[in-house]
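Model the placement of chain E on the given structure of chain G, informed by the hints.
2 protein chains.
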Amino acid sequence: MLDVCLLGTGGMMPLPGRWLTSLLLRYNGKMLMVDCGEGTQIPLKLAGWGFKPIDAIFFTHYHADHIAGLPGLLLTIGNSGKDTPLDLIGPPGLTRVVQSLLVICPALPFDIRATELPLPRGAPSLRGASGGAAGTGANVDGEAEADGERDGGLAPLRDVALFDSMSFQYAPADHNIPCLAYSFHIRRQGAFYPARAKELNIPLKSWSLLQAGKTVELDDGRSVTPDMVLGPERRGIKLSYCTDSRPAPALRRLFKDSALLICEGMYGDDGERENAIGKKHMIFSEAAGLARDAGVGELWLTHYSPALQNPGEHIGAARRVFPNTRAGSDLLTTKLIFPEGEGADTAR
Amino acid sequence: MLDVCLLGTGGMMPLPGRWLTSLLLRYNGKMLMVDCGEGTQIPLKLAGWGFKPIDAIFFTHYHADHIAGLPGLLLTIGNSGKDTPLDLIGPPGLTRVVQSLLVICPALPFDIRATELPLPRGAPSLRGASGGAAGTGANVDGEAEADGERDGGLAPLRDVALFDSMSFQYAPADHNIPCLAYSFHIRRQGAFYPARAKELNIPLKSWSLLQAGKTVELDDGRSVTPDMVLGPERRGIKLSYCTDSRPAPALRRLFKDSALLICEGMYGDDGERENAIGKKHMIFSEAAGLARDAGVGELWLTHYSPALQNPGEHIGAARRVFPNTRAGSDLLTTKLIFPEGEGADTAR
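Chains as they are written, first to last, in the numbering used here: chain G, 377 to 724; chain E, 377 to 724.
Hints listed in this document are in silico derivations from the structure and should not be mistaken for laboratory results. You can trust all of the hints, since none of them are fake.
Identical chains blur together in the list; that is why a pair holds if it fits in one copy or across any two.
Listed next, the in silico BS3-like pairs over lysine-lysine satisfying Cα-Cα at most 27 Å (straight line):
{"hint": "1", "residue 1": "LYS421", "residue 2": "LYS655"}
{"hint": "2", "residue 1": "LYS655", "residue 2": "LYS428"}
{"hint": "3", "residue 1": "LYS656", "residue 2": "LYS458"}
{"hint": "4", "residue 1": "LYS656", "residue 2": "LYS632"}
{"hint": "5", "residue 1": "LYS458", "residue 2": "LYS655"}
{"hint": "6", "residue 1": "LYS406", "residue 2": "LYS711"}
{"hint": "7", "residue 1": "LYS458", "residue 2": "LYS421"}
{"hint": "8", "residue 1": "LYS406", "residue 2": "LYS428"}
{"hint": "9", "residue 1": "LYS406", "residue 2": "LYS458"}
{"hint": "10", "residue 1": "LYS632", "residue 2": "LYS655"}
Isolated chain G, as found in the complex (with noise of 0.2 Å):
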């Protein structure tokens, strides 16, 4: 189970009664955000999901709409006690910016791991930015992006090993500064066969170590790997993440299968296409031609321009093209579970 937690939805600036957009995923008691523009930190208290298990911060790109709140969440993560490693990860510059802003906060109680990821072939590369990545915090290394341009010119997405059953993948979205898009993963192991278990004549002791993806060395020095008794894998969750970004190809096949697409939509009406066009945003119809294009479950919109203020108004216009479309408000909250149920992990 994925709790998630859309902090904000604003763009550009926080507001009275509107946070900057931010993310915030919690999977077996560890907590990872996407974004932290300035102030994100309320709404993170009023989510009330703590601090201390924070253990990674994505960031889509270094608008300080996006990252302006990451000095101040920093101390506050400090000060809930945490001392175990924070891996900071975002496009290429990363290093550069978080040392910036670490003048004001000099002094951290637990060790920041920052990595880059590195830009897919032919995404626009960052002025000034740094070369080198300041941790080794998530598995990612540089060279692996650059054996081709597969599917349709697409780089190949690739999967990046976060904790536990956790991974994410990302893809350049289309903004005036480097900008990546995220999908998180949590796979799912095939389902257990007791019946095949009994057949093999494995005892009881060795079915939750099977379970688990241990291979077992039994008593009679037989050798039983996981799928012996497994079944293939299935369907996990998937949730997606974009802002800020025009519609692109590239975040159509990020998205794919998504149960939960979050989506900036800049502007409601469809007649500012011209100027999400010039600002390198979305309009709603856009982001829900996306979703629709990308197959996903569900449509939230978010990452809005700070005169729009009631985005629900709009909301028509996306549903036409998605139907599955929610208008996203502060500190919405969801659950994602296996398509399948969270209980089936065993075949009957």
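The following block gives chain E in isolation, referenced to the frame of chain G:
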């Protein structure tokens, strides 16, 4: 008349329902602020005085809860259409801190003039602070401070011109990093004496020039100076602001005869005194003692600990020491007028 708005009253971190401590002043259509923590632009918007008229931002010190809101505010000021220079003023280290924070707002449509105020001799120095000021926003020179420690070991207070008849003074606070307290002063010239002007046969058309402090050359060849028709300088408006600090003699002198003192009270209960000493903050009754000793008109408490949920509960501890104390609250606003009234510029 000086418009005063206490934008927030929190210390350490912004909370749901409590913005970080920051002060907004408006005089003659120009605005200045003191401190800008994370989220301060939100109560600024709520105050409704606009962003474009902000001409100067003072900083007491560079802990994140006093400056982390700067990048976002600079961008919002930029969006307001401001294209005239913005003065940033604070203790040594300002240039380095501001240059670091500008990494997330590299392109602003106005110039920034950073002025580092030299610390009086004996004040703690900032590790790694850059030496020079980046601009000459306020008329401050480093040498003037070095000419001795008079007045019971205290460096002399100097008046630094701001605009119109407004100026400021500053003194070192007693905190764990270099920190300044400020007083803002609107000077008021003496009343104009029509009877003297008539005695001197000064034509009516020259009266307003003399009232404005200008010397007038009359048609008959005489030169008339303002002091010939104006009384002695009258008491103006003085407001003082202090956070974060322990009580100190230099503060008592800086605050002297302020109409309003806005002063930190991190903890309400007298039992927290040892805690306050350790963390270089004040309890309510210590702030009240400063107010009493400095002979101020009114005291507003601010910069409450996040653990202090209801500051009003402890107001009695302060009022026993200084009765005219108020527990500051977010967006608490007042107007300070000249002691003799705003309209009495002409003596009869």
